[in-house]
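These protein sequences, in sequence, are chains A and B. Residue numbers are given in our numbering: position 134 of the first sequence equals residue 134, and the series is strictly consecutive. To convert, count from 1 in the second sequence and add 573; that's our numbering.
Treat the hints with caution; some may be incorrect.
Covered stretches of chain B (chain A as the covering partner; in silico rule of three or more C-beta atoms under 8 Å from a C-beta of chain A) [stated by the list, open to error]:
#1 647-661
#2 801-809
#3 841-853
Computed far set for chain A versus chain B, every beta-carbon distance over 12 Å [stated by the list, open to error]:
#4 S27
#5 L58
#6 A65
#7 F67
#8 T111
#9 F114
#10 R152
#11 L212
#12 Q215
#13 R216
#14 I282
#15 M306
#16 S327
#17 W371
#18 V510
No lab work stands behind these hints, which were simulated from the structure alone. For each residue, glycine too, the CB sits at the ideal point set by N, CA and C.
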Amino acid sequence: MTPGDAVPMAAASSGARSTAWDQVIFSMIAALAVLMVCYPVLVVALRSISKEEIGSSLTLEWITAVFDSARSREALVNTVIYTAGASVLAMGLGVLLAFLSARTDMPGGRTIGFLALLPMLVPPFILVVGWVAIADPSAGFINILASALTGRRTTWVNINTMSGLIWMTGLFLTPYVYLLVAAGFRSSDSAMEEAARVSGAGRLRLLYTIILPLQRPALLAALLLVIIMAAGDFIIPATVGLKAKIYMLPSLIWQNHSSFPARPGLAAAQSLLLVAVGLLCIYFQRRALSRGGRYTTVGGKGSRPMLFPLGKLRYPLGVLALLFALSSSVIPLLAVGSMAFMKYWSPYALKPENLTWRNFNYMLFEYPQVWPSAQHSLFLGFTGATACVVLAIALAWYVIRMRGKFAGIVEYAMVLPLGIPGIALGVGILSLWILVPGGIYGTLWILLLAYVTAHIPVAMQFVSSALHRIHTDLEDAPRISGQAWAGTLWLIDVPLMRPALIGCWLLMYVVILREISLVILLYNPSTIVLSVGLMDVWSNGFYPELAVYSLLLLVLGVVPVAVLWKFARFSSD
Amino acid sequence: MKFSEDASGLSVWGLIKSYGGEGGVRALDNFSLDFPAGQCTVLLGPSGCGKTTVLRSIAGLIAPDEGRITIDRSVVFDASAGSDVPPEKRRLGMVFQSYALWPHLSVAENIAYPLLSAGMPKTEVARRTNAMLAWIGLTGMGSRYVHELSGGQQQRISLARAMVAKPRAILFDEPLSNLDARLRERMRLELLALRQQAPFTSIYVTHDQLEAMTLADRVVVMRAGKIEQVGSPEEVYKRPRTRFSADFVGIPNLLDATVRSITGSDLIVETAVGALAARSWRTDWTSGARCTVAARPTLLMVQPGDAGEGRSGRVIRSVFQGASTIELIEFDGTEVAIESLGEERHAPGSIVAVKPALGAVFAVLDD
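Use the sequences and the hints to build the structure in full.
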């Protein structure tokens, strides 16, 4: 052996050694992550068949009570109606807006497309407050207007009804449908549509035999997502829903936990039902998406798909679409904005002499909870988003590049939280850690754990798709020159994925800041966060202050997005 | 170009189509052509010559700015009258480059689609679909999905779908260009066999001269939205009218020449490789005029040594390509490619004599 050979040999063996260490470390991270997402489901299941805390004698009384107790049965029926109604509304609106803006000659399609996505940035609480301001039976803008027009007390719309709740949730879920469906409409293969037209299909037949069926996987995935989100939705049932005395499972779970007499066993059983529905939906959604594979075919010459001419309906439909797009973000925001300046809540008060800065002054400087909760929220937003991204990188690396022993299990497990409603996840986490003496219960750390558990699936999807796009040659080069895997990850992949990682971080930050259902059972007065603080103000019923508070949440949520968005855009293409 | 609206088959007249608004690219520049019934007309040209625009205008997938289109004597498009029959009412069949088969439908459902669109009763649809499946050799595979089949099978399904409703004409938009070379060759011969079994009116767009030569009853060479030359494949290949046509059908030797004598339409021209018998489409040649001759590489012969009546040249390169040999020979600064089936090859630098093959008639170009 010549002296020259010794150098690469040494490099190779040191590389192999650190690879073994990498394997151990990454495997441990993966195992802990699987544990983190799985135990809440097990704990919920155990708690729902335990008489007292976990470990006490077993019973089926809680599970039967879900269906036997009048209140629970009522909530069950309401949840079904609410979920069905909101899903139908969101699907209808989302698909229609996506189709109109992507595939017709409707004016302003791009603007409407942007507006349709805007509610994803706005915390749902603002939509709730806004729609209360607009459609409250006595003091809502619309009914005030109706009374003024008819000359007597008139109620045209009432938000405190099942249809009111469905309306708000449907609007809130529409952007998710739009997001999943619009891209498909826009990129559909024009040759397939031309083939149908030459084969004798008129526009309508083309639409329902070719265009819509081609989007079947995306439509099904959107429907299942919307069902999960509606069934597990907490904020609307817990605010307007409780005010209107329309009980639903998520709000009932909260009450069974926190109101006297507390019945955590029943809450766990109700959670278990929601989890079962959610996981079932996730299963079918995955199946639909994986079967979508056969929908990808040989690409042809890429001409843009034809735009459906709307004829005389162009402008009316454009205005209608704009109105719907606006009513899920801009209109409620304006309502909240105007409410924030009122001395007392009545649209009649919207005169110069009744406007005031007092609400801002009070909420921002005098209200005792506001700054602690803002601090906690910001802390959790930053650490939570960072933790999600870092963990997602480690897991994606383990699954995609290392193809570790448990890669398959990790992949499946990381999907689970998508099917678990926040309130149910909260029940699971609470039921375990309340038993651990001197542990993290009652600290900010348990909230952090909850956030990471709930949002790791989405973070992992983000990072995985970014990692898949990086060609392995780019990684092999430094590895051949002696870098270990971890070094490669840090030096090559992380910089290449930067836009995706920033985007992922932002999304995590936004959803953590607005999250309520997850933490409503886990917080205590010393760890209150902004979104939970909003629930307090809501129950006090002083809406102008609520408006200020929710605007603060909006600002804190949107500012980092606006700042960092520039960096994300910078190299995203 | 004569235009007869009473002919059965397809006619387009005065088609103009511009892209990119005023001053944009003219994809079609006053394009007129008859497509006789029962014949296969191949539109041949490089990308951007407007051949696909003609096809899509006939299908009704794009509307020309000006012009008229008739199918079997009925007007389907007339810009001046503002009439435009939508594609679904034109009763045509079309085969796409990407096959454009629908992945959410089975093979049989794909084929049956035009029949169902026409509102045909279910039993008749099933009968015709099964007949079509048998015809393309996919009997029993009707319930499969498109992604389970090979490229060649997909192409056949796409053809069956285009033919099943007995359309007035079938439009082919570069249907073989997604296939690999061997499969392309096989499909080309299959298409030819089909056409010979039962002739149907077809318009075929391609940039592959071999496809054009094999499949066409008539080849239309297109350039920049206009017709460069129309004729039978043999005519276009043996007597290209212009440099562009000669180049596009694959003739590498365009030789400068001088007209020496004229006898009716027969010319004798003087070139670097000697005097050649030639023919031209133009009739206004005078003795001594400069012209260009397209010399097909197979019409010249190489003989070793400078003996004989041929002109002498120096071998630059000899390229063995299996069935034939191409030799690149220089005559006073003019390079000429000569293709021979013989086994004999010549070393670079050696001097050889070249003469035209017995009875060879060369093409004098118009430009």
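Outcome of the hint check:
1. 647-661: holds (count 3)
2. 801-809: violated (count 0)
3. 841-853: Per the Cβ count (0), the hint is violated.
4. S27: holds (37 Å)
5. L58: Non-interface label on A/L58 holds, nearest chain B Cβ at 48 Å vs cutoff 12 Å.
6. A65: Its Cβ never comes within 12 Å of chain B, the nearest being 45 Å, so this holds.
7. F67: holds (39 Å)
8. T111: Answer for A/T111: holds, closest chain B Cβ roughly 24 Å.
9. F114: holds (27 Å)
10. R152: holds (54 Å)
11. L212: violated (10 Å)
12. Q215: Its Cβ does come within 12 Å of chain B, the nearest being 9 Å, so this is violated.
13. R216: A/R216 is in fact no farther than 12 Å from some Cβ atom of chain B, at 6 Å.
14. I282: Consistent with the label, A/I282 stays out of reach of chain B, its closest Cβ about 23 Å off (over 12 Å).
15. M306: Given a closest Cβ separation of 8 Å, the condition is violated.
16. S327: Non-interface label on A/S327 holds, nearest chain B Cβ at 34 Å vs cutoff 12 Å.
17. W371: holds (56 Å)
18. V510: For A/V510, whose nearest Cβ neighbour in chain B is about 36 Å away, the distance exceeds 12 Å, so it holds.
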